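Below are the chains, spelled out letter by letter.
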Amino acid sequence: MTNTVHEPSEQALIQLLTPEGERRSHAEYDSYIQDVDAEMLRGFYRDMALTRRFDQEATALQRQGQLALWVPLRGQEAAQIGSGRATRPSDYIFPTYREHGVALTRNVDFPQMLRIFRGISNGGWDPRENNFHMYTMVLAAQMPHATGYAMGIQRDQAGWDAERLEKDGEAVVAYFGDGSSTEGEVHESMVFAASFNSPVVFFCQNNQWAISVPFHVQSKVPLADRAAGYGFPGIRVDGNDVLAVLAVTRWALERARRGEGPVLIEAVTYRMSAHTTADDPTKYRLDADEEAWVGRDPLARLEKHLRDNDLADELFFKQVAVDGDEMATRVRIEAMAFPDPELSQSFANVYAEAHPLIQEELKWHLEYEAGFADTTEEGATR
Amino acid sequence: MSTTTMTLAKAITAGLDKVLASNPKSLLIGEDIGRLGGVYRVTDGLIDSYGADRVIDSPLGEAGIIGTSIGMAIRGYAPIAEIQFDGFVFPAFNQITTQLAKMRARSEGRFGAPVVIRIPYGGGIGSIEHHSESPEALFAHTAGLRIMAPSNAHDAYWMIQQAAACQDPVIFFEPKRRYWLKGEVDTENPAADAFKAQIIRPGEDATIVTYGPLVPVALAAAEAAREDGRSVEVIDLRSVSPIDFDTITESVEKTGRLIVTHEAPTFGGIGGEIAARISERAFLSLEAPVIRVGGFHMPYPVAKVEEQYLPDIDKVLEALDRSFAY
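The listed protein sequences derive, respectively, from chains A and B.
Under this note's numbering, the first residue of the first sequence is numbered 623, with each subsequent residue one higher.
Under this note's numbering, the first residue of the second sequence is numbered 107, with each subsequent residue one higher.
Because the hints were derived from the structure by calculation, they are not lab data.
Possibly wrong hints are sitting among the right ones.
[As the list claims (entries may be wrong)] Once the Cα atoms are required to be at most 27 angstroms apart in a straight line, the calculated BS3-like pairs of lysine-lysine come out as: (1) B:K288 - B:K131; (2) B:K302 - B:K288; (3) A:K789 - B:K131; (4) B:K302 - A:K985.
[Claimed, not checked] Some residues of chain A that are not near chain B, with every Cβ distance over 12 angstroms (derived): (5) Y651; (6) R685; (7) H809; (8) V835; (9) E912; (10) K926; (11) R929; (12) V942.
[What the hints assert, rightly or not] Label pairs and their computed distance ranges (CB to CB): (13) A:A780 - B:I234: 35 to 43 angstroms; (14) B:F373 - A:N729: 50 to 58 angstroms; (15) A:T804 - B:Y432: 52 to 60 angstroms; (16) A:R929 - B:D159: 51 to 59 angstroms; (17) A:A970 - B:H247: 16 to 24 angstroms.
Everything numeric in this text was worked out from a predicted model, so none of it was measured.
Backbone N, C-alpha and C define an ideal beta-carbon position, used for all residues, glycine too.
Input sequences plus hints: build the corresponding full structure.
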């Protein structure tokens, strides 16, 4: 058990909304959220609340034996909604396996996301429909894909002038965490992106814990500092402040679109729940560690801001709660109604082109299974 | 007349040139492949024809090379990546086996990552550690990948183009000690389908199956065996995954004896898979057990003793003797 409480460092942290819900002006980043009015703020709250409700429902489904596993994101809603809402539909997102909130901003239908965790699919949705890639379970393996995708964008946009780049230019957001930040592929993805000045924003949600290993073991410096070693900007943002995350990500994406290269964003947040439903944080972190972050809850912060400034009334919050429950019910019903897949379908997508071994094994499998056609589950012949 | 004499290396260069010229989405990426033309000069001159955006000198980093290739493929490009030497592919092993091989399955068939990975492979060049390995079985075990190994200039010219046209990821093992082997390349009449094995020497009494750098060894052994009155058929596998078992089966049903030889260690190798499959398919035709001639179960040895490690004509002849004596 780690016997220290890991306080978040407040050093050079971009913050536009304090934990008390007070708006702080910022000389550089205010200009990136000038369009954010009351309606947009309510929208962000709604996004975050729906995400949290979805997370809660999925956790319950796992506890009830309906999902093999669930990866909670509680506490990271502002980092995900703020960054996701900063993207354009034409930008391409490479998530980890915890970006349920980003998925919402990309219009991925929540029930579809449970197909992975119900053991039905290793993908679950069409990444090309919303430019939201499949979840990648191997930590950091998606990072060089993001850089490569951005290299492809550069080639597609070769010869574009500044005006066209600003209007139609595309960029990539590569999500990763403080845990995967130590993987070699993060390093290589950043080296390549720097070498080729590729339009990719590396978005790290530093949630302080790599399952049981605290952040100070992952890094002796703020992760944003690492960017200097690659020669592009690194910026630390309060990851529980949806406005700051939105502003900083917009800044980074605009920069990338203009052809000014990658940015590393470190969104300082906290994993308020377990790593997965198979995890037990009581074995490695103190209650005090969790309590230190309760006051920084991203939803509570925005709610306070909305209430204190009369930007949303009680009816709004009630409606969001009702909508959340309705969504959760739909998620539950649809997820449990997914038909089970057939193993024979798994043969189809191993290769694009005809493959003799696949054909031979599929034939054998079908014949073998057909041999049980007249047999009941107990093995007796009908 | 469209036949030209070329080295195997230059045939690959010419094949790559054709790919780059015909598919604007194709591109090359790897260490030192641009200005230098690759350590074996296989990509020599291509940067002059197609520019640095399509012949990309990458930073050092195999996971980065394959990982970014996958990303470019998702974006719609058709990357052909070069890994400088066989023993250096392992930093990219994760990208190849967990990502590249499975992209189509994970996307439920919506898209794959049709990346070609060129790897100069095999020993016999008197080099230092990690420059002489044959890791093909490690990749053949992974579903989703295809593996090719040309043995001659004509095949090399056409097979690299077939690999590039394939919608599945292909690992293209280039027999580096045969890079300078000259051969006739018919640039108008394509080689056979890369996934079909070819009988390159017909025979009646025994079959030798091999691929890549050992094809000349197998041919020489068959020629030597002829002097002992044995008619030996030689099959060049060309594709290591999938394997064209039909061609091998048909041959063994005729000859009754099978020797499989490759440079990679015998244990857990491609030869074992062939032996097992042929035992299932042609058990009653076999006059003797299938015999494998491969590397020993040891790290690839130092250059001073590699000749004793590598399968050669005598080892193949010894295997034939054992087969006939059974």
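Status of each hint after checking the structure:
1. B:K288 - B:K131: violated (31 angstroms)
2. B:K302 - B:K288: holds (23 angstroms)
3. A:K789 - B:K131: Holds, because 24 angstroms separates the two Cα atoms, which is no more than 27 angstroms.
4. B:K302 - A:K985: Cα-Cα ~21 angstroms, so holds.
5. Y651: holds (29 angstroms)
6. R685: holds (27 angstroms)
7. H809: At about 8 angstroms from chain B, H809 (chain A) fails to clear the 12 angstroms cut-off, so the statement is violated.
8. V835: holds (21 angstroms)
9. E912: Its Cβ never comes within 12 angstroms of chain B, the nearest being 33 angstroms, so this holds.
10. K926: For K926 (chain A), whose nearest Cβ neighbour in chain B is about 41 angstroms away, the distance exceeds 12 angstroms, so it holds.
11. R929: Holds, because the least Cβ-Cβ distance between R929 (chain A) and chain B comes to about 44 angstroms, which exceeds 12 angstroms.
12. V942: Given that every Cβ of chain B is farther than 12 angstroms from that of V942 (chain A), nearest at about 33 angstroms, it holds.
13. A:A780 - B:I234: 35 to 43 angstroms: holds (40 angstroms)
14. B:F373 - A:N729: 50 to 58 angstroms: holds (52 angstroms)
15. A:T804 - B:Y432: 52 to 60 angstroms: Between T804 (chain A) and Y432 (chain B), where Cβ atoms are some 56 angstroms apart, the hint holds.
16. A:R929 - B:D159: 51 to 59 angstroms: Once the Cβ atoms are compared, 53 angstroms apart, the range 51 to 59 angstroms for D159 (chain B) and R929 (chain A) holds.
17. A:A970 - B:H247: 16 to 24 angstroms: Given a distance of about 21 angstroms, which is inside 16 to 24 angstroms, the answer is holds.
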